[in-house]
Every structure is written in C-alpha cells, then in structure tokens.
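Chemist: Everything in the sequence shown is counted per our numbering, starting at 1 for the first residue and increasing by one.
Derived from the structure by calculation, the hints contain no laboratory data. A quick note: this is a predicted structure, and the numbers were derived from the prediction, not measured. Heads up, a few of these hints could be off.
Unchecked claim - Label pairs and their in silico Cβ distance ranges:
#, residue 1, residue 2, range
1, T21, G68, 35 to 41 Å
2, L97, V134, 20 to 26 Å
3, K86, S32, 15 to 21 Å
4, N34, A133, 33 to 39 Å
5, E63, F149, 49 to 55 Å
6, T128, P83, 37 to 43 Å
Positions of the beta carbon are idealized from the N, C-alpha and C atoms, including for glycine.
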Amino acid sequence: MQRTELASLYTATPADGTKVTVCGWAKTVRDSKNIGFISLSDGSCYKPVQIVFQADKLANYAEIAKCGLYTSFEVTGTLVLTPNAKQPFEIQADQVLVEGVSNADYPLQKKRHSFEYLRTISHLRPRTNTFQAVFRVRSLIAYAIHKYFQE
Numbered sequence: 001m002q003r004t005e006l007a008s009l010y011t012a013t014p015a016d017g018t019k020v021t022v023c024g025w026a027k028t029v030r031d032s033k034n035i036g037f038i039s040l041s042d043g044s045c046y047k048p049v050q051i052v053f054q055a056d057k058l059a060n061y062a063e064i065a066k067c068g069l070y071t072s073f074e075v076t077g078t079l080v081l082t083p084n085a086k087q088p089f090e091i092q093a094d095q096v097l098v099e100g101v102s103n104a105d106y107p108l109q110k111k112r113h114s115f116e117y118l119r120t121i122s123h124l125r126p127r128t129n130t131f132q133a134v135f136r137v138r139s140l141i142a143y144a145i146h147k148y149f150q151e
C-alpha cells in the first residue's frame, strides 16, 4: 500500500473506514494493558495523528508499547472519523512496523527545550514545532521573492 502523508489526511480526509499507510516518528507512546496510543508525526504538518493499537490485533504489541519517543514507525490501519473528539480522525492500527528504535537518551524529549539547548543539537532542530514553523515561513518568503523577480 502506498504511503499517505499526514498533511494530505488533514486537507482531504478520506472516508470513514479507508485503509491507509502512514510513516513517521512517535511524539508520544502510551499504553495500558490491552490498548495503546501513538502520536505520530511525519513533518508534513504540525498536527500529529493518533494511532490506536490493540493487544488482540498485534503480535508485536509489547515491542511497540516499550518504544520511546521519536521511534520511527510504519503503520497500516483503518481511518476512523471522530467528530466529537479533539482530533478529527484516528487510525486503528492493523499492522505496526518498528522501522528504527530511539534510545532512552535521545536528546529531544516531550518537554519544551530552550533555544540555547537546541543550538547544541542542530541536526535535530527541524523536528521541533518552532523550527518547523520558522522554516516553512522562510520557504514561503523565499518563494514569493523568487516568483516576484521572475515575473
């Protein structure tokens, strides 16, 4: 199945029950005994997508539940519309592949980091929401200037 970017899910949400495959890294991983949640982001938009995974559906539930922040996943599942919830939809996982495990000492954590700290890890700055926003604005401004001078 072809990968779907998260931005396209938000701009043109498919019908309820559509099978999708998304890839990205986990902003959070929470689990209880039989159900778990992954907040997955791929960098194409600011909003993450909530992935719901269940122990009775996945053979690798225990492996997924112990994964840390910024572990990369490939998730295939069913898109379920949730109009009464905070997010417009969620994905009920049928298959979750762990592409790359993140170490426990990964420099970015769930908390907010200062700009001074982010300067020390320049290769990871684009994964933060602040720098994503700055880079998107800078890209649009550069494009507008380029377009103006071309015309």
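Chemist: Could you tell me which of the hints above the structure violates, numbers in ascending order?
Modeler: As far as the earlier hints go, 1, 2, 6 are violated by this structure, in ascending order.
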